[in-house]
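Colleague: Work the whole structure out from these sequences, hints included.
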Amino acid sequence: MASRDLAESLLPGGGGGGGASSSHDEYEERAYDSDDKVSISISDSEPDDDGEPGAARARPTFSWRKLWRFTGPGFLMCIGFLDPGNLEGDLQAGAAAGYQLLWLLLWATVMGALVQLLSARLGVVTGKHLAELCREEYPPWATRALWVMTELALVGADIQEVIGSAIAIKILSGGIVPLWGGVVITAFDCFIFLFLENYGVRKLEAFFGVLIATMAISFAIMFGETKPSGKELLIGLVVPKLSSKTIKQAVGIVGCIIMPHNVFLHSALVQSRKIDTKKKSRVQEAVYYYNIESILALIVSFFINICVTTVFAKGFYGSDKADNIGLENAGQYLQEKYGTALFPVLYIWAIGLLASGQSSTITGTYAGQFVMGGFLNLRLKKWLRAVITRSFAIIPTMIVALFFDTEDPTMDVLNESLNVLQSIQIPFALIPLITLVSSEQLMGSFVVGPITKVISWIVTIFLMLINGYLILSFYTNEVRGAVVRSSLCVVLAVYLAFIIYLILRNTTLYSRLRSSVSKSS
2 MASRDLAESL LPGGGGGGGA SSSHDEYEER AYDSDDKVSI SISDSEPDDD GEPGAARARP
62 TFSWRKLWRF TGPGFLMCIG FLDPGNLEGD LQAGAAAGYQ LLWLLLWATV MGALVQLLSA
122 RLGVVTGKHL AELCREEYPP WATRALWVMT ELALVGADIQ EVIGSAIAIK ILSGGIVPLW
182 GGVVITAFDC FIFLFLENYG VRKLEAFFGV LIATMAISFA IMFGETKPSG KELLIGLVVP
242 KLSSKTIKQA VGIVGCIIMP HNVFLHSALV QSRKIDTKKK SRVQEAVYYY NIESILALIV
302 SFFINICVTT VFAKGFYGSD KADNIGLENA GQYLQEKYGT ALFPVLYIWA IGLLASGQSS
362 TITGTYAGQF VMGGFLNLRL KKWLRAVITR SFAIIPTMIV ALFFDTEDPT MDVLNESLNV
422 LQSIQIPFAL IPLITLVSSE QLMGSFVVGP ITKVISWIVT IFLMLINGYL ILSFYTNEVR
482 GAVVRSSLCV VLAVYLAFII YLILRNTTLY SRLRSSVSKS S
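Mind the numbering: the sequence shown is residues 2 to 522 in the working numbering, read in order.
Hints are not guaranteed to be accurate.
[Stated by the list, open to error] Below, computed lysine-lysine pairings styled on DSS-like, alpha-carbon distance capped at 27 Å: (1) LYS382 - LYS204; (2) LYS228 - LYS242; (3) LYS228 - LYS338; (4) LYS249 - LYS232; (5) LYS275 - LYS38; (6) LYS232 - LYS246; (7) LYS280 - LYS67; (8) LYS232 - LYS242; (9) LYS382 - LYS232; (10) LYS228 - LYS204; (11) LYS67 - LYS275; (12) LYS281 - LYS67; (13) LYS228 - LYS67; (14) LYS279 - LYS171; (15) LYS322 - LYS246; (16) LYS38 - LYS204.
[Claimed, not checked] Estimated spans, in silico, between C-beta atoms of each pair: (17) GLY210 - PHE189: 54 to 60 Å; (18) ILE177 - LYS338: 22 to 28 Å; (19) GLY128 - ILE193: 27 to 33 Å; (20) GLN442 - LEU115: 18 to 24 Å; (21) ILE400 - ILE218: 33 to 39 Å; (22) ASP277 - GLY210: 26 to 32 Å; (23) GLU137 - LYS322: 32 to 38 Å; (24) LEU403 - ILE218: 32 to 38 Å.
Derived by calculation from the structure, the hints in this document are not laboratory data.
From the three backbone atoms N, C-alpha and C, an ideal C-beta is built for every residue, glycine too.
Modeller: As structure tokens, this is what we get:
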């Protein structure tokens, strides 16, 4: 009885009884409880029926008020495009390549937008998020494997995000707070998250809106003080240029944009609104407004990324500091070059970096809850899920902060290792996503068309090739020893086999192979 009471106390609404008559769905993990969802008002003048079966659905009449009610999930999603890893990729691309890679930043954002729109579509139409659907779609062993891969990506991203916040705190404190102290301070952001979540989804979204605005204002001030060339900026956006010297930075830009956990996150965030998924008109309306909101959010993130890239392109392209610039010394280099025109550039940089780190670590905690709950079907109280998901990242981050110096070359190797760790997880988010949104049985009339499907697979294959380059580069430059290399080759073979399984699982070829194996046995 004691263990049962403890278990009930850890469940949402635990201790309140329940009874044997509760339906199975009551114990299914859901992104949001019904009481937590935001109501979308529908005016009496709007038709609420779906018309004749098979009839073409008219596009919903645009309403600013409704757009505002749907605004929020896209801006939380766009934080994945603005985390410290992205900022470091931006500044290194600007310092090493100048304005030459802005076109790639633009198209990487477009590719990211396509992926995120598909994720939102999946969440709206099915009423479930990607992790839940993976649990239902794949056998238990594959579900567990996908969960482990996603958790590894989350931990890798969170280490970089927490370290970014800790660096910002160290700068703002004038070096008084050491790196490990900044990690400890950042660890408590999950309690901010829990505090705000208790006051409703809209309060939480408003908090993230303030952090995004802080980033935009900080980096816009830097842009204004350093005055990058507008002409070079426009040329960089429309004229593709890529040299052998800038391939590493180009791969970094593309690799940082699409975060595996962000794909899972967005499909859950869109369920924060009350949408009747049984009515096509309501689903179409939600997809329509979420598309607009997500694109607007990504335009804001693109503006911020452009500001960071061009500031460092103007200040350090062609200089002797271009090859060794990073998150911690970036502010100091800016301060030495531009001084205090209006505000100290060092502290402006640190404020923007802190907003980036704090917002991304909290959304990482948010994503971790959905991923763990969805894959494992765990219904735990919010505080317990937050503590568990936070611990996954904080413990290894504390080890990094205690044993590595941010100015030590070993930190660069660690960052590169974390980038590779996240990159190799991308197929395990994109392949299930495309498979599910292409399923007519699951999506009904909202299944993606053949053109969208083909483009999605092209983007996925392109990203896999980019990640393959990262893995190969890391393997040849950093991996030493025959035993280690042989072990990694075995791991790589298993990795590729799992990817092939995910791609072929819903094809006729896989069905025939499975049928042949069954007959032979």
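Colleague: For each hint, tell me whether it holds in the structure or not.
Modeller: Structure-based check of each hint:
1. The hinted pair formed by LYS382 and LYS204 meets the criterion: a straight-line CA distance of about 20 Å does not exceed 27 Å.
2. Using a Cα cut-off of 27 Å, the hinted pair LYS228 and LYS242 holds, with the two alpha carbons roughly 23 Å apart.
3. Distance hint between LYS228 and LYS338 is fulfilled; the C-alpha atoms sit about 13 Å from each other, no more than 27 Å.
4. For the suggested pair LYS249 and LYS232, the alpha carbons sit about 25 Å apart, so the restraint of at most 27 Å is met.
5. Distance restraint check for LYS275 and LYS38: the Cα-Cα separation of roughly 6 Å lies within the 27 Å cut-off, and the hinted pair is therefore satisfied.
6. Straight-line distance between C-alpha atoms of LYS232 and LYS246 comes to about 23 Å, which keeps the hinted pair within the 27 Å bound.
7. Restraint check: the Cα-Cα separation between LYS280 and LYS67 comes to about 17 Å, which is no more than 27 Å; the hinted pair holds.
8. A hinted pair counts as satisfied when its Cα atoms are at most 27 Å apart, and LYS232 with LYS242 qualifies at roughly 15 Å.
9. Annotation: proposed proximity of LYS382 to LYS232 is violated, straight-line Cα distance about 53 Å (limit 27 Å).
10. Restraint check for LYS228 and LYS204: the C-alpha separation of about 36 Å exceeds 27 Å, so the hint is violated.
11. Restraint check for LYS67 and LYS275: satisfied, since their Cα atoms lie roughly 13 Å apart, inside the 27 Å limit.
12. Taking the CA atoms of LYS281 and LYS67, the gap is about 17 Å. The hint holds against a cut of 27 Å.
13. For the proposed pair LYS228 and LYS67, the alpha carbon gap of about 38 Å is over 27 Å, so the pair is violated.
14. The suggested pairing of LYS279 with LYS171 is violated, with an alpha-carbon distance near 52 Å, which exceeds 27 Å.
15. Pair hint LYS322 plus LYS246 holds up; C-alpha atoms about 16 Å apart against a cutoff of 27 Å.
16. Between LYS38 and LYS204 the CA atoms are separated by roughly 12 Å; this keeps the pair inside 27 Å, and the hint holds.
17. Look at GLY210 against PHE189: about 21 Å separates their beta carbons, and that is not inside 54 to 60 Å.
18. For ILE177 and LYS338, the hinted distance range of 22 to 28 Å is satisfied, since their beta carbons lie about 25 Å from each other.
19. Under the hint 27 to 33 Å, the C-beta atoms of GLY128 and ILE193, about 29 Å apart, fit the expected range.
20. The hint said 18 to 24 Å for the Cβ distance between GLN442 and LEU115, and at roughly 23 Å that hint holds.
21. Taking 33 to 39 Å as the suggested C-beta distance range, the pair ILE400 and ILE218 conforms, at roughly 34 Å.
22. For the hinted restraint 26 to 32 Å between ASP277 and GLY210, the CB-CB distance of approximately 27 Å keeps it satisfied.
23. Between GLU137 and LYS322 the Cβ separation comes to about 52 Å, which falls outside the hinted range of 32 to 38 Å.
24. Roughly 34 Å separates the CB atoms of LEU403 and ILE218, a value that falls within the hinted 32 to 38 Å.
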